[in-house]
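The numbering of the sequence shown is our numbering, which starts it at 1 and goes up by one.
Think of the hints as simulated: they come from the structure by calculation, not from any bench. Mixed in with the good hints there might be a few duds.
Unchecked claim - The following label-pair restraints were derived from C-beta to C-beta distances:
no., residue 1, residue 2, range
1, Asp62, Arg163, 18 to 26 Å
2, Arg12, Tyr156, 56 to 64 Å
3, Tyr30, Leu142, 40 to 48 Å
4, Asn117, Asp47, 18 to 26 Å
5, Val153, Arg34, 32 to 40 Å
Said to hold, decoys possible - The list that follows gives simulated cross-link-like pairs (lysine to any residue, SDA-like), each with its CA atoms no further than 20 Å apart:
no., residue 1, residue 2
6, Lys22, Asp43
7, Lys167, Gly35
8, Lys167, Asp43
9, Lys10, Ser32
10, Lys155, Leu143
11, Lys55, Tyr30
12, Lys75, Gly35
13, Lys121, Lys157
Since the structure is predicted, the reported quantities are computational estimates derived from the model, not experimental observations. Where a beta carbon is used, it is the ideal one built from N, C-alpha and C, also for glycine.
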Amino acid sequence: MRAIALTTIKEREAFFMALYKKVFPVVARYVSRRGGNEDDAADIFQDSVVIYYEKVVSGDMDCKDEQAYLMGICKNLWLKRFNNGKNLPFNEQFDDLIAEDKPVQPAVEKLMHYLENAGQKCMNLLRAFYYDQLPLKDIAALLGYSGERSATVQKYKCLEKVRATVKQKALQYEDFVE
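Use the sequences and the hints to build the structure in full.
What follows is the structure, encoded as structure tokens:
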């Protein structure tokens, strides 16, 4: 309720920053324990702050504890987001899996594309480790690394390249359109 009483932009900004520092870690922990990540927590928290502010400005709210009120909003928003799709009939949930006889192929092609973008050396290293299940000592000898530690570091770098590419591509508009 204090937010509406704050008249200057600086006072309001300071209030919301303090609220963020106090409440966001609790929200992040809550979302994380329920299968979400930091981005999910940030989205939920942002939405809850907007709802909170709109309620305060409209006068529809009488609250003594902003933290508890925001947590309540966050929990409700997370449950709504988490339950999206869980209330669908069985057929609708699994239509994509049943509809075609080649649902895995596009995912495999996409993964191969990401691996190819990481480079031939990375692809060979990751294939030897994950597909052939060779020990890192053998991989180091096979691919010409100075030792097991070098192969481990290179494997990590390759995985990071692939992760970065996947993360970058996942944020593109086309990935959200069917």
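Those earlier numbered hints the structure runs against, lowest number first: 1, 2, 4, 9 and 11
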